[in-house]
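S.K.: Line by line, the protein sequences give chains A, B and C. Heads up, the first sequence is in my numbering, so the first residue is 1 and it goes up one at a time. Heads up, the second sequence is in my numbering, so the first residue is 1 and it goes up one at a time. Heads up, the third sequence is in my numbering, so the first residue is 1 and it goes up one at a time.
Misleading hints may appear alongside valid ones.
[Unchecked claim] Simulated coverage check for chain B against chain C, where a stretch passes if three residues somewhere in it have a Cβ under 8 Å from a Cβ of chain C:
| # | stretch |
| --- | --- |
| 1 | 248 to 258 |
| 2 | 299 to 313 |
[What the hints assert, rightly or not] So these bits of chain C aren't anywhere near chain A, every CB distance computed over 10 Å:
| # | residue |
| --- | --- |
| 3 | Gly18 |
| 4 | Tyr55 |
| 5 | Asp59 |
| 6 | Leu151 |
[What the hints assert, rightly or not] Sample of chain C residues lacking proximity to chain A, with all beta carbon distances greater than 10 Å (derived):
| # | residue |
| --- | --- |
| 7 | Lys7 |
| 8 | Leu16 |
| 9 | Met26 |
| 10 | Glu50 |
| 11 | Arg52 |
| 12 | Val63 |
| 13 | Lys86 |
| 14 | Asn145 |
| 15 | Leu150 |
| 16 | Ala245 |
| 17 | Gly246 |
| 18 | Asn268 |
| 19 | Cys287 |
| 20 | Leu299 |
Please keep in mind that the hints were generated in silico from the structure rather than gathered at the bench. Small disclaimer: the values here were computed from a predicted structure and weren't measured. Note that the Cβ used here is the ideal one computed from N, Cα and C, for glycine as well.
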Amino acid sequence: MKNKNTQVPPAEVKRRSMFGEAMRRLLQNHMAMGGLIILVAVILLCLLAGVICPEGYDAQNIAERFIKPCVRYPLGTDPLGRSLLARVLYGGRISLLIGFVATIIAAFGGISLGAIAAYYGGIVDDVIMRVLDIFSAIPSLLMAIVITASMGSGLFNCMLAVGISSVPNFARMVRGPILSIMDQEFIEAARLIDATDRRIILKHVIPNVLSPIIVQMTMNLASSILLAASLSFLGLGVQAPMPEWGALLSEARQYIAQYPYLVTIPGLAIASVVLSTNLFGDGLRDSLDPRLKN
Amino acid sequence: MGTKNNIILSIDDLTIHYITQDLGTCRAVNKLSLDIQAGETLGLVGETGAGKTTVALGILRLIQSPPGKVMSGDIRFQDKSIMKMSNGEIRKMRGKEVSMIFQDPMTALNPIDTVGEQIAEAIRLHMKVNQKEAIQKATQMLEIVGIPGERYHEYPHQFSGGMKQRVVIAMALACEPQLLLADEPTTALDVTIQAQILELINKLKRENNTSILLITHDLGVVAEMCDRVAIMYAGEIIEMGTVDQIYNNTCHPYTSGLFGSIPGYDETSERLKPIKGLMPDPANLPEFCKFAPRCEQGCESGKQSVPDYYEVEAGHFVRCHMCRKGRKTADE
Amino acid sequence: MLKYIGKRILWMIPVLIGVTLLLFLMQSITPGDPADLALGENATAAQKTEWRERYGLEDPILVQYGKYMWNIISKVDFGNSYKTGKPVTRQILQRWPTTFLLAFLTTIVSALIGVTLGIFSALYRGKWFDNVARFFGMLGISMPNFWFALLLIQLFALRLKVLPVSGWYGPKYWILPSLTLGILGSASLLRITRSAMLDNIQADYVRTARAKGQRESKVTLHHILKNAMIPITTNIGFQFSMGLAGTMVLEQIFAISGLGNLMVTAINNRDYPQLRGSVILVAATICVVNLLVDILYALFDPRVKARYKNS
Numbered sequence: 001m002k003n004k005n006t007q008v009p010p011a012e013v014k015r016r017s018m019f020g021e022a023m024r025r026l027l028q029n030h031m032a033m034g035g036l037i038i039l040v041a042v043i044l045l046c047l048l049a050g051v052i053c054p055e056g057y058d059a060q061n062i063a064e065r066f067i068k069p070c071v072r073y074p075l076g077t078d079p080l081g082r083s084l085l086a087r088v089l090y091g092g093r094i095s096l097l098i099g100f101v102a103t104i105i106a107a108f109g110g111i112s113l114g115a116i117a118a119y120y121g122g123i124v125d126d127v128i129m130r131v132l133d134i135f136s137a138i139p140s141l142l143m144a145i146v147i148t149a150s151m152g153s154g155l156f157n158c159m160l161a162v163g164i165s166s167v168p169n170f171a172r173m174v175r176g177p178i179l180s181i182m183d184q185e186f187i188e189a190a191r192l193i194d195a196t197d198r199r200i201i202l203k204h205v206i207p208n209v210l211s212p213i214i215v216q217m218t219m220n221l222a223s224s225i226l227l228a229a230s231l232s233f234l235g236l237g238v239q240a241p242m243p244e245w246g247a248l249l250s251e252a253r254q255y256i257a258q259y260p261y262l263v264t265i266p267g268l269a270i271a272s273v274v275l276s277t278n279l280f281g282d283g284l285r286d287s288l289d290p291r292l293k294n
Numbered sequence: 001m002g003t004k005n006n007i008i009l010s011i012d013d014l015t016i017h018y019i020t021q022d023l024g025t026c027r028a029v030n031k032l033s034l035d036i037q038a039g040e041t042l043g044l045v046g047e048t049g050a051g052k053t054t055v056a057l058g059i060l061r062l063i064q065s066p067p068g069k070v071m072s073g074d075i076r077f078q079d080k081s082i083m084k085m086s087n088g089e090i091r092k093m094r095g096k097e098v099s100m101i102f103q104d105p106m107t108a109l110n111p112i113d114t115v116g117e118q119i120a121e122a123i124r125l126h127m128k129v130n131q132k133e134a135i136q137k138a139t140q141m142l143e144i145v146g147i148p149g150e151r152y153h154e155y156p157h158q159f160s161g162g163m164k165q166r167v168v169i170a171m172a173l174a175c176e177p178q179l180l181l182a183d184e185p186t187t188a189l190d191v192t193i194q195a196q197i198l199e200l201i202n203k204l205k206r207e208n209n210t211s212i213l214l215i216t217h218d219l220g221v222v223a224e225m226c227d228r229v230a231i232m233y234a235g236e237i238i239e240m241g242t243v244d245q246i247y248n249n250t251c252h253p254y255t256s257g258l259f260g261s262i263p264g265y266d267e268t269s270e271r272l273k274p275i276k277g278l279m280p281d282p283a284n285l286p287e288f289c290k291f292a293p294r295c296e297q298g299c300e301s302g303k304q305s306v307p308d309y310y311e312v313e314a315g316h317f318v319r320c321h322m323c324r325k326g327r328k329t330a331d332e
Numbered sequence: 001m002l003k004y005i006g007k008r009i010l011w012m013i014p015v016l017i018g019v020t021l022l023l024f025l026m027q028s029i030t031p032g033d034p035a036d037l038a039l040g041e042n043a044t045a046a047q048k049t050e051w052r053e054r055y056g057l058e059d060p061i062l063v064q065y066g067k068y069m070w071n072i073i074s075k076v077d078f079g080n081s082y083k084t085g086k087p088v089t090r091q092i093l094q095r096w097p098t099t100f101l102l103a104f105l106t107t108i109v110s111a112l113i114g115v116t117l118g119i120f121s122a123l124y125r126g127k128w129f130d131n132v133a134r135f136f137g138m139l140g141i142s143m144p145n146f147w148f149a150l151l152l153i154q155l156f157a158l159r160l161k162v163l164p165v166s167g168w169y170g171p172k173y174w175i176l177p178s179l180t181l182g183i184l185g186s187a188s189l190l191r192i193t194r195s196a197m198l199d200n201i202q203a204d205y206v207r208t209a210r211a212k213g214q215r216e217s218k219v220t221l222h223h224i225l226k227n228a229m230i231p232i233t234t235n236i237g238f239q240f241s242m243g244l245a246g247t248m249v250l251e252q253i254f255a256i257s258g259l260g261n262l263m264v265t266a267i268n269n270r271d272y273p274q275l276r277g278s279v280i281l282v283a284a285t286i287c288v289v290n291l292l293v294d295i296l297y298a299l300f301d302p303r304v305k306a307r308y309k310n311s
């Protein structure tokens, strides 16, 4: 009798969702994980500013100005005798806050615009794209400067300005994948069975653009922090005595010759947070779509 | 046992692996051996993923390394070892003595060079001609493949798929190669264009006595174009012989399965007859007969050891336990 | 080809109109009355009204816009500064070459460093050079340009004393500012160049070229690089506008009398005509540079050329 059981048991195929697969890749990416850890550490430190530096960011003590970093003042003191550590930690809260809020504003505006443009196509798409082109003719910093010039400076306006100037990026980033999804046939199939527009958007379109959105939000966080720091440096963003990191650098500028640590430290803070966010964002992008990995 | 002195290409026990970190070691080609005689067309047939393109790239030493690596074996062209050639020698060989037609004409051409220039490039590399002569010859090649010479200065995007493939053929044949490696030259094209392209290749072969390694998964093309056929499965040749032998005295169960899955035009049936199962994962090949999991015959030896290469009739080889001595033996 | 250029020029017009309209509308949402700032607190209501009439601020906003645009188009007149009352045009045109020069030098430095490093990074992918270059790329896009400038000033001007701290009086003064922005800008170009090169390195037609027996050097230069230049060129244009934005900040640090400096002063004085004039000039510069880049792009990519030749 021929043995019918000639099937060799198939190799163990671990069932992993695409998302799980991406997570695995991400966790193995040392640079990205390093970036994430630093970012989280900084966020935690800044949140604990009240515990670490209970005196607040504006505790002036003229007698103790310009002290270089030592045990008593781990980051030294500024021209008004305020602990630089306190200024940096509280300032971090502001910089990070602006970054997050601006990113949310940009994401909201950009995704809506991009999605509407891509989904409805035709003249709606044309109009929206032209408007975006106009916004893109002005670099983001300039746009943010113009907005704060019009609306005035201050924390809220700063967030708004940074957020609005980042909208075109989001809109474009979202429009691309949506357009290519729309081209695919399963959308037509869904339409044929009378799915409503809203359902199609929610169930089919959005999950497919989630990856680029997440990546863009991370990168946008980094660029928003930089943008906000630039604005404050120019005196247009957050106002004194709020210790936004860019503002700290602006104050320290005149003392660069005698007290360089006043310049080095806040800049280091900005650079490390932005770098770690960028590293994480890059790693995120690589893990979510390894085909793009170069 | 053909006359050995007529062999233009001989592959002996070639083994090529792709070594990656994420997916393990992909054993694309495993101890593969085949010969091509001067002036003959050898068909290399197999499913996608069988390793056919890898063999062709191996002949031209175009395997990307990393991750690919020729682990062992030799390829001899006109009795010179390709593996031992210097970089200079192999560059002289590429495009002149051995040239290749790639599968996808849409991406095989450089988008920012004119088609004429791309052909002329091959000519200038291997023939001692000046600029004007190169352009002349390239224009001639265009005409030969059926493209008006005036279109020399046009860019690939201005041509249809079929015409692009003709340009690729012109490029490959510009220097009158002795061996042409054609990797599924018509797969990306419509059936009607397919016929034209195949006819063109045949014509050029007849005129120049070119040997051809024709890689395809289409048995109809094989019947039309080839003198001999080698069937490839999971990186190995599992059956090889003349077209007549393979088509009329099919031995290996896989080959039978291939023929059986083609619907006949004179039968009525309700379902197609595919071969059950999938080709094994090249990163995870079994240590016994690689076709055993899908084999309808299901012999015991197949589940234990790799079968030898048996000659079932003159020039007809099969790698199957059950085909010893030219006839199917009963299961033991 | 001319058709292509013509189309791009035609394209610039709605963009510039949009930009100017935007700037105008921004002003209308600003809290406060410019007359207050210009004339001071002790001005009477009559004086303020008279001032506003002089500057045409009593008209409805769209009429103001129309008059403003008409003045620009017919007389190249950007209005008068709220603060000084003098014409804005002369000042912004005077300062434009400085800012443009700085942005231009920056772009050259970025391109030279970024593209070169990017090419080698791609060719030696995975090796130490690539890893170092990629880290530099990440670092460069993460550093605030004003901080980097201050660090370089500290090193070269204050410690080593080989370069001047500030000013813009000759080629020696150009070095530090353009190096600052140039190095940071090269990080972004490095990443893009690397990516474009890698895309092409794996392309099928590169394999075809090798199969024809072409030398590696020619394969790299002609087949890979020339194709990669297409996206790289467009990005160099983008780098210019980033450079221009960067000069806004750097002019503060290096005390350079350019448009950026003027802009910041204008904002502090609530001097909208001056602000508007500067921004419009910057936007127009960016548009023209992008146009030139588009033309360059068409030269590299025959598909674009052909499309417009036949249309």
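S.K.: Please go over all the hints and tell whether each is borne out by the structure.
M.R.: For each hint, the structure was consulted:
| no. | hint | verdict |
| --- | --- | --- |
| 1 | 248 to 258 | violated (count 0) |
| 2 | 299 to 313 | violated (count 0) |
| 3 | Gly18 | violated, 4 Å |
| 4 | Tyr55 | holds, 17 Å |
| 5 | Asp59 | holds, 19 Å |
| 6 | Leu151 | violated, 7 Å |
| 7 | Lys7 | holds, 14 Å |
| 8 | Leu16 | violated, 8 Å |
| 9 | Met26 | violated, 4 Å |
| 10 | Glu50 | holds, 25 Å |
| 11 | Arg52 | holds, 18 Å |
| 12 | Val63 | holds, 20 Å |
| 13 | Lys86 | holds, 20 Å |
| 14 | Asn145 | violated, 8 Å |
| 15 | Leu150 | violated, 5 Å |
| 16 | Ala245 | violated, 4 Å |
| 17 | Gly246 | violated, 8 Å |
| 18 | Asn268 | violated, 7 Å |
| 19 | Cys287 | violated, 6 Å |
| 20 | Leu299 | holds, 23 Å |
When each numbered hint is compared with the structure, violations occur for hints 1, 2, 3, 6, 8, 9, 14, 15, 16, 17, 18, 19.
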